[in-house]
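With the sequences and hints as input, model every part of the structure.
Taken in order, these protein sequences are the chains called A and B.
The first sequence maps to residues 0 to 467 in numbering that gives the first Met the number 0.
The second sequence maps to residues 0 to 467 in numbering that gives the first Met the number 0.
Since the hints were derived computationally from the structure, they do not count as laboratory data.
Treat the hints with caution; some may be incorrect.
One copy or any two copies: either way a pair holds, since identical chains are not told apart in the list.
Stated by the list, open to error - Restricting the straight-line Cα-Cα distance to at most 35 Å, the calculated cross-link-like pairs of lysine-lysine (DSBU-like) are: (1) Lys273 / Lys27; (2) Lys219 / Lys404; (3) Lys219 / Lys432; (4) Lys317 / Lys404; (5) Lys273 / Lys125; (6) Lys125 / Lys400; (7) Lys125 / Lys219; (8) Lys317 / Lys125; (9) Lys273 / Lys323; (10) Lys273 / Lys317.
Predicted model only: the values in this text are computed from it and were never measured.
Protein chains: 2
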Amino acid sequence: MSKPALRRTEAVAVEKAVGALLARFGNKVATSQAVREQHGHTTTWIANQPPDAVVFAASTEDVQDTVRICAEHRVPVIPFGTGTSLEGHVNAPFGGVSIDLREMNRVLAVHAEDLDCVIEPGVTRKALNEHLRDQGLFFPLDPGADASLGGMAATRASGTNAVRYGTMKDNVISLKAVLPNGEIMRTAQRAKKSSAGYDLTRLFIGSEGTLGVITELTLKLHGIPEAMSSAVCPFPSVDAACQATIATIQSGIPVARIELMDELQVTACNAYSKLSLAPTPTLFLEFHGSEAGVAEQAERFGEIASEFGGGPSVWTTKAEERTKLWQARHDAYHAVVQLRPGTRPLATDVCVPISRLAEAVAGTQADINEMNLVAPIVGHVGDGNFHVSLLIDMDDEAEIKRAEKFLERLAERALALDGTCTGEHGVGQGKMKYLPKELGEPALVVMRAVKQAIDPHNIMNPGKIVAP
Amino acid sequence: MSKPALRRTEAVAVEKAVGALLARFGNKVATSQAVREQHGHTTTWIANQPPDAVVFAASTEDVQDTVRICAEHRVPVIPFGTGTSLEGHVNAPFGGVSIDLREMNRVLAVHAEDLDCVIEPGVTRKALNEHLRDQGLFFPLDPGADASLGGMAATRASGTNAVRYGTMKDNVISLKAVLPNGEIMRTAQRAKKSSAGYDLTRLFIGSEGTLGVITELTLKLHGIPEAMSSAVCPFPSVDAACQATIATIQSGIPVARIELMDELQVTACNAYSKLSLAPTPTLFLEFHGSEAGVAEQAERFGEIASEFGGGPSVWTTKAEERTKLWQARHDAYHAVVQLRPGTRPLATDVCVPISRLAEAVAGTQADINEMNLVAPIVGHVGDGNFHVSLLIDMDDEAEIKRAEKFLERLAERALALDGTCTGEHGVGQGKMKYLPKELGEPALVVMRAVKQAIDPHNIMNPGKIVAP
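Right, here's the structure in full:
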């Protein structure tokens, strides 16, 4: 698309910056090969590009000092949460300094009456929910991995219950970030809504560390529902499952989760999670509400499913059974890995208007078969978002080529159906090449102008989203 | 805060631009005093600052040509929807050309399966809902005025049912805008969610025409609920009404509307809308859902209200009674005007965390009494957002001074309670002075940098939100 402005940062600049960081932080700076490689970890087949050093920041001041030192020497800064991103977001293609934010893991305030909390970016979603449970509150977003909430904001993450509760863009009230010049910006006060100027909160959500380092988040919370029920519902085809999903959403049933697994994924989960589901396209569902409300939703869904040849659903409101079910859904990735041991898993996602979902999934399955790949499909089907988990034999050059071709066709099909090359994983390094086609040049010109305006020396996570 | 970069645009530049517009558009350009003044209409006490000319655009191409001509001559461009904004958004302090978008009023597509539609910016919310009704769909946002949806997006509007359905930021999937250089930018495809780069959609929502002219919107739609019920519930005090609201939200009741009127507002509505409500702080409510769901919500709310000394509620599910009720709520402004004929009404809004709402309203009422002003209060109380309608005798200099002081104290109190100087009206000209205190200098530096990057010659609605 465009050439990176920075080559590998000059060794002398890096040396000076790391020297200054060591002087400031002592043993909170790591330069060992192992730690550096951990922080360039990509969870995909994108090659590891380690930073030159890692700073373990414990406070906003630590972040500020690190950014200021790096800015002085024009050395890249790469924010790091838990390293669970999927498109090379934390790689350091030009070297530089990774700021590990996991020690910034304090819950600073919970405002139960306002249904919000203020946290540091290294708090993970599970840790937050542990913290909140006694107060009858929870933070709903669940991307599968126990990601840091700062990282989830930075990548505009969502997950299984975004269909009901929205994505990170809908659940962050305000944030603080250290800007490329080391200053601290607050994007908003704590009011639930505001029309006071440009939406800097949303500008930073999904900016993948390219505009600054998020150091504090004010998040919306929800009361733990009085009742939850979960179900598994088999369908004769992916198309039937998609049609039932459309009808469910359209009829206003406030489904909390509605997840599709294709036949291969069900088979993998049966083996891995000791389930005994019929090997056919299947929806996993969850409803939240009052006792009566949940029962009513279940009944209405059952009627819709049977219209499309689905069912019978197996329902449960028991906590341990629900946990087992959703654990199996979250272990889908691990289950997939077991399908073909010794191969490299590569998870990718696209998102299309829900009316085009069946077509998108069918086309993708046809590609998988035609290209002789192993690649189960799971989907946040209520949002039109689905994932393909490729299992690639990295010793087979021809298979790698086919997988590359497959990924291109997947993205192109999504775009042709008015969808996006990524519903929730983000752009990182892996999907930059699809943006010109998806958004057109004027949008990219604006993105580059915004990046240049906020980070004129391109030190914040360079080589991601848009290159100058 | 900072000085405007543009003085009144040079007469010769304006003359050339208007000449070129007349050559291009003929009688679609108006330069009469009356039309120009209509387009500088502010609905408040901010002085009318008319543009030099008005172009009635009928297509995106018309907008492009107008912007290109204005850009060539460095003449300001002010997008105009229905002129219902409240903070001087459509004023032309430096002169320039107003683009009236009311003729761009086509619904381009309705995708019922995807629960979205594509529209031109001049479609009003009532026109859209008329269009959608036969398909069992609706667009929920309701700011009271029959505003254009382009204007609602530009000001990040919300209204009575934002508590359930969110604000414009939550209900726009993507948009097209003509940039200051005349190019057309598309911010996203039609997928319900995306992580593909910076959130340009949200950057333009609330940008008040300062970054470009919105020419197309893809909006989320909802199915018309199976059942709706409305209620009026009296409370002994504003504090009791606020506490009941907090408990309602916290308990997860998915209230669609929960609106507070203070005693004076109830009195005004009784007189104007021929109601016979007890003159006491009152909540207007609405619930959406299934028949059983709505009944359950009503019952649970009733229990909560009585805990705080509220009630008895008067409920109705009849369409005509519900319409009468909400018409009265929407006529609150007109009712207020009748309280003190001959005065100038001035509507302002602030928003605070809901836990601070009772305190904010009580402090505001104390100010009103102390300052001897007439100013009823209504509030979107589920969001912590409330409005004060001042009725000002514009012949009384001392009263004007007191009103000015009151507005400052209102904004300052909101900020001190971790709130915002505007929950939904926007910044325009009227609230620029509060932004430094609300957001701090780093956020304003970023806003100015973004404005400068996208609109380097500051031709798009200059003198609003941030001045260079």
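Taking each numbered hint in turn, which are not upheld by the structure, reported in ascending numerical order?
-> Hints 1, 4, 6 contradicted; others consistent.
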